[in-house]
Each structure stands twice: as structure tokens, then as C-alpha cells.
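Student: Protein sequences, first through last, are from chains W and P.
At position 61 of the first sequence (counting the first as 1) the number is 61 in my numbering, and the numbers step up by one without a gap.
At position 396 of the second sequence (counting the first as 1) the number is 396 in my numbering, and the numbers step up by one without a gap.
Each hint should be verified, as a subset may be incorrect.
All copies of an identical chain are treated as equivalent in the list; a pair is satisfied when it fits inside any one copy or across any two copies.
Said to hold, decoys possible - Heads up, simulated DSSO-like pairs for lysine-lysine below, C-alpha to C-alpha not over 27 Å straight-line: (1) 240 with 197; (2) 191 with 382; (3) 270 with 161; (4) 364 with 161; (5) 191 with 116.
Since the hints were derived computationally from the structure, they do not count as laboratory data.
2 protein chains.
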Amino acid sequence: MRGEIITIGEELLCGRVLNLNAWYASCRLSAMGFHVTAIATVGDRAEDVRRVVELALDRSDFLIVTGGLGTTDDDITTKTVAELFGRPLTLDRFLLDHIRQEVQKQDLLWNDDLEKLAWLPKGARLMDPEPKACGYYLEEKGHPVFFLPGVPEEMRLLLDKFIIPHLQALQSGKTYYATRTLKLFGIREDKVGTLLKGLGRDVPDLIIGYYPNFPEVHVVFTARGEDSALLDSIVADAEKAAEEKIGPYIVARDEETLEQTVGKLLLNHKMNLAVAESCTGGLICHRLTEVSGSSEYFERGFIVYSDRSKMEELGVPMEVLTNHGAVSAPTAEAMAQGVCRVSDTSLGLSATGIAGPTGGTPDKPVGTVYIGMATARGVVSKGYRFFGNRSQVKQMSASMALDWIRRFLTGDSFFHRL
Amino acid sequence: MRGEIITIGEELLCGRVLNLNAWYASCRLSAMGFHVTAIATVGDRAEDVRRVVELALDRSDFLIVTGGLGTTDDDITTKTVAELFGRPLTLDRFLLDHIRQEVQKQDLLWNDDLEKLAWLPKGARLMDPEPKACGYYLEEKGHPVFFLPGVPEEMRLLLDKFIIPHLQALQSGKTYYATRTLKLFGIREDKVGTLLKGLGRDVPDLIIGYYPNFPEVHVVFTARGEDSALLDSIVADAEKAAEEKIGPYIVARDEETLEQTVGKLLLNHKMNLAVAESCTGGLICHRLTEVSGSSEYFERGFIVYSDRSKMEELGVPMEVLTNHGAVSAPTAEAMAQGVCRVSDTSLGLSATGIAGPTGGTPDKPVGTVYIGMATARGVVSKGYRFFGNRSQVKQMSASMALDWIRRFLTGDSFFHRL
Chain W
1 MRGEIITIGE ELLCGRVLNL NAWYASCRLS AMGFHVTAIA TVGDRAEDVR RVVELALDRS
61 DFLIVTGGLG TTDDDITTKT VAELFGRPLT LDRFLLDHIR QEVQKQDLLW NDDLEKLAWL
121 PKGARLMDPE PKACGYYLEE KGHPVFFLPG VPEEMRLLLD KFIIPHLQAL QSGKTYYATR
181 TLKLFGIRED KVGTLLKGLG RDVPDLIIGY YPNFPEVHVV FTARGEDSAL LDSIVADAEK
241 AAEEKIGPYI VARDEETLEQ TVGKLLLNHK MNLAVAESCT GGLICHRLTE VSGSSEYFER
301 GFIVYSDRSK MEELGVPMEV LTNHGAVSAP TAEAMAQGVC RVSDTSLGLS ATGIAGPTGG
361 TPDKPVGTVY IGMATARGVV SKGYRFFGNR SQVKQMSASM ALDWIRRFLT GDSFFHRL
Chain P
1 MRGEIITIGE ELLCGRVLNL NAWYASCRLS AMGFHVTAIA TVGDRAEDVR RVVELALDRS
61 DFLIVTGGLG TTDDDITTKT VAELFGRPLT LDRFLLDHIR QEVQKQDLLW NDDLEKLAWL
121 PKGARLMDPE PKACGYYLEE KGHPVFFLPG VPEEMRLLLD KFIIPHLQAL QSGKTYYATR
181 TLKLFGIRED KVGTLLKGLG RDVPDLIIGY YPNFPEVHVV FTARGEDSAL LDSIVADAEK
241 AAEEKIGPYI VARDEETLEQ TVGKLLLNHK MNLAVAESCT GGLICHRLTE VSGSSEYFER
301 GFIVYSDRSK MEELGVPMEV LTNHGAVSAP TAEAMAQGVC RVSDTSLGLS ATGIAGPTGG
361 TPDKPVGTVY IGMATARGVV SKGYRFFGNR SQVKQMSASM ALDWIRRFLT GDSFFHRL
């Protein structure tokens, strides 16, 4: 089944609000095997709403319209489609009662404008009336047209709980969908393309996409068809073939993150971790602790922004800072060893660099970053030159540092000293 | 001038990629006084591209098309508009040379597919050819039509550096735009609406919007018209009136962030800061260090995830942890005092709580968070109950902790002991 999404609201056209409703709906519908063929966004002008609804209805099996259902004068969706479809507005008494009860329950003041919400185009039926979410649908030219509030929570609720099951029930000759995302770090998108060239060319149902998702590159395999078991094996075969080419760069799959991968590896190896951050300013620890259960392997972290704190907290020798500078391999190594010793963990990780935009020198330009890692057996470090703004340098550095743990625990030869 | 934005790409329709290009373009164009009347997204099918381009051109003064300009078979934008506009594809030798040079410079392999990039519809002119960003434009039915790559960095560069100046030069009878964003924290959206009710009702050119932007609420004043000085004063008046009602909740304005506000206040008060984080896991320090120049006031931070680290690094007494627990007011206070003493800073900030989803108890459910703050004069703490998932509890806690500094340095009476 092919459908279109129409989102209505001036705030979406002047950029004040990011159109997450269209994104969410397209994600969910695609994942369920429905084909979204177009998304249109228009403002609060009846003429524009009329035009996009009319056009979309001509070309689609279903239509989802969000926004413009509120109480104010610029909420014109219901009135406009009532006119367009030749369906007079009629009062839905059940809905009106429901709104009155909600107002009472939430201790709000009744406002006559609220009655407007209960006047629907003739023949419209309420979606399951969850509190606060008053969407409705109707059938026009044999196609279902769904009207949803623009409030993201309400829109998502009705989409998931009502629209998708409704469409699934209508669908005959079911289409399935299998998908797998490989998340790569440390490799450029064009290199991924070169390495995977030709992959899946002989499998007509398979689509392969490369998507930069800074600082990662995501490779997505998607198969759509009628035999769900076949689709799963198509995607699994493609994943296996890809692994042979880009295996070392895969840091996570599907919904998983690099920090989850790292957490699992640390648990498997019964290791625990302490982190010393300078240029990353807490981002490495923040990412590690986004994972529920991270307290099982993450012991503590230090954000040693000043030279003084590097010395006092981690015992970085003053001579190292004086002779090599805070941004140097010896400092990164001293930080990693220091944090490991101070915290009594089996692994110590460090990052020190120049995030910018100021602080760069000809010798050590903005983006110069050293990563260090220590275990009881020794210490390694390496310098990098990252590109981008302050925030991007922090992100690249944090991903690189986290990926060091993954590579170390999966046996990368770079870490032979540890 | 009224314009439309067309974004092309299957990845935008199946939800794999969030349409940030349309969002960015609509933001920038609106801010410059251009009126975006519609945004359309279609996939890589010639028929759909043709239809939206044709329709948009009929109704607009200008048109911006992004995506589908690459080298692969599914990049059909150029070929499709060449046919639609009856302009044969012609080889742009300057562009071809430029691409060859780039390939050489970046040490990539030449690929015959790359030549496709240099075949443009007859009459098309290159936008200023910055490296890697090969957009072009042409005039059709008297209206400029701009074609941009879908890569966000390239698209943004060409929009800002070429399209907007180009449109400004074309514009006659200029429309201006004044806007101001107030960023609020610690107040619910409905409360903001109640407090600001009636504001600006007598000013026809003024639009006021409330936008939840977790964990903040943003209030945006926008005025559009022909007298730029008048618009500025309309927005300034509205801002002043709003300040009287919601002043204490304003944590930042326009592009500024709460952490920038905090940084400025610390600099003004010649204070420096150390942070002890438990449940926020590094997020407070990460946000503080997103600000360039934060090393002038941010001394160091501790992520004391374990009880042991709270005792060892910050001297939190074992009795406090045993008697009150790690998530308690006494622990938050001991952390704030400890980090202040250890770091020898004028201000110490702490957060300890249960981010979830596990670890909650009937007594201290998930979302229970204590914030602490210490100076040489004493210490204060307070407990909160935040709602949401792990990431949201971390965000709320970090914003609350940072906002404590703002409120302390702007004289909030809660901090009378400090």
C-alpha cells in the first residue's frame, strides 16, 4: 500500500519546529511495510491545504494528515477538508462529553473555543479516544484519510495504536520488511562504497544504503517482499558478505550504540574502567553512562581541564607537561596510567587535545588529539588530527577513545603492549 | 518573495534520514524575510520529481531543490529537470576539471561515473564552486531554481553563501523579519501560556509561539513587515513585557545556551567551578565544556559513579553513604563541599540520583535526584523527582544543576546560605 503524509503548520515552514512528525510516521510506516511516496508540508492557508490533500488523494491508497486540528483560528484543517469533501461539519456529542470530562479532570477552565474540537466532517469516526488525543478518520474515494493532532505524543500514540493496525487489517497480500543497520566508525563513506561495490547486485529485493551519521557511517540493508523468512535470509547473507569486507569497522548494529558494545565487551572480559578526559570534557563518561547498567564496569571519571588537575588528580608529572605540553603522547599516557592507578581499575582511558576554535598552534593545530589507554601491563597512545568545529572534535575524540576499548578487547594488534 | 523547498531522496521517505536540509533552509530563508510556502519530499522517481517541480514553479517566486545530484543511477534530479524544462544536458568543462582536481587532491581514484556530475541542463550556471559542493541554478519561467546536493554541509554552505545573497539581490520592496527567542527552564509550557496570556494581542504584526524543547520551553517573538526599525521595537517591547512575567525562568536568549549564560556569569563574578557528578555521568561537564573559553572558569570535574570513588576522590564520609545512601541530600552536600575543597575552586556543584530504568526503590523511585552547591561560605542541597527515561533524567538533572549556578549568581533567595 502506498501512502502520503501531509503536515500542516506555519511553524514547520519557518523552521521554528523540526518536522519530527513526518519523520516518525515515515519510519513507522516503512518499518511495517507500507510505502510512503511523498511528504508535503504547507501552512495554515485553506487553499494550500486543499491542493495538497486533493493531489495526494488522487495518487495514494491512504493519506495521513497532521496538524491544524486545534481550537484557534489558524487551525483550519477540519473546516477545509469538510468543504473539499462536501461533508458538512457535525457535532460529535461523545467527543464533546469526553473533552468536557478532560477539562474537569485536569482542573482547567472551560473555554467555548474547545467545542470546535468536537465538530467533525460528516462520516468521520473517532480513533480510539485516548485522553487528550482527538484524531479522526474518514473514507474518501475508497481510501482512508487519517487526521491527527500535531502534538508529537498524541500523533505518535494514534499512529501506533490505531492507524498502523487499521492499515494492516486493510492490506491484502501482506508485504514484509527486513532490515539491518551496520554502524561503522573509523572509515570514510566513499571507502565503504568502494569496499562494498557490487554487493547484493544479483539480489533484486535488496536495497543497500550508506548514510553518514557523524562521526559514524551507517550501512543499511533493506529487503521488502512477501516471504518474510526469505527476506530475513537475504539480509543475513548481505550482512555476512559485508562483514568480510568491513568487519573491523563495525562498532554496533541496529539500535545498539558503540557505548553499548563497549559495555558488553567489558562485562564479558570482567574488566572495569576509569576515564581521564581533557578536551572531551566529560563526553566519554556521559556516553558510557547513557547505558543502563554501566555502573557495573564504569568506576569513575576525571575531567582534568587544567594542568593543575592533571597533576593533582592523576599524578601527571610536571616535567611531562612542561617538556611535551598538555596535548601530547606522554601526557595522554600519564593520564591513562594515572587514572588506572588512582581508580584501581583494570583499564584506564584518556583523551587530551585542542577542541578549538581557539588554542591551536602551527605545531598543534585545532583538532590535534591524543588518546591513551593503560592496563596493568602497560600503556599505549596515539595522536590524531580531527576536523570540524569544537563539538565535532569532541565527538570524534570520544568515539575514537571508546572505539579503542572495542578494538583492544577484540584483539586489534595495535594494542600488543597491553 | 515566496518560495518552495523540494527535497529528493528515498531515505527521507522511509525515515532513515531526518530531513534536516528542509529544516535548515526554512529557518535561514525565514530569518532573512523570505516566505517559505511549502516543502515537498519525494523519492527517486522521475514522475514524482517532475510533478512537484512543475507544481511548485507555478506558484512560487523561487524554488530550492536538494538531493539526487550524485553519481549513482538513482540520482535522477538533473536528468529529470533537463527533460521537464526542455534543456538538453551539456558538459560543463570547468566543473569537470574542478572535479578531476579534487579527486587528485584528495588522493581518490577516478571513476567514470564522476563525469555525470559535470553534465548540467543547458543554461545552468554553477554556484560559486567551493570544493566538493557542486550546486547549480537556472532561470525558468522568470524564476530562479536552485539545485543543491543533499549532503548537509554542502547544502548549507551553498544556501548561505550563494542562494540567500542571490535572492536578496533580486528582492524588490524588501520585507524584514525580527525575531527573538527566550529560552525558559523550570516552568511548564501551559504555565508559560497562562502567564503570557493576552501579551501582544494588540500588535497585529507580532506572532508569539511557545515551543517545548526538552528540558526547556522556548518562547519566540516574530514580527514581519517593511519597516525594519519598527519590527525591532515591536519585538523588543514584547520581550520586555514578557520579562516582567517570566523573567526568572529565562536561562538564555536566541542562539545562546544555558551553559553560555552560566559561563558569562562565572566570568563576571570572577569565580571558578568544579563539578562532582554521579547520575548525570559527565553530562554537566560535557555541557560546560561545549562553550569555547570554558577553561577560564571550569577547573575540573569528577564522575564519582561508585561509592568508593565518592569517598576516595571527594572525601564523602562512609557514615553519610551508609546512613543516608548515595542518593540523598547529605551525600549531595558532601560531594559539593568535597569537590570544592579538593579542587580549590570558589564554587562546587554536585548531582546524585537514580537515572533508571533500574535502581529505583519505593522510597527513592527512578528520577529521584539531589543537587548540591557549595562555596567557601557553606553548602545547600535539594531533592527533585524528575520524569522520563534514563537520558531525560540525566538531561533534566544537568539543566537543573547548571541553572542553580545561574540562579545563585543572579541573587535567588534560595541560596541565602551561600
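Student: Which earlier hints turn out false for this structure, listed by number in ascending order?
Tutor: 3 and 4
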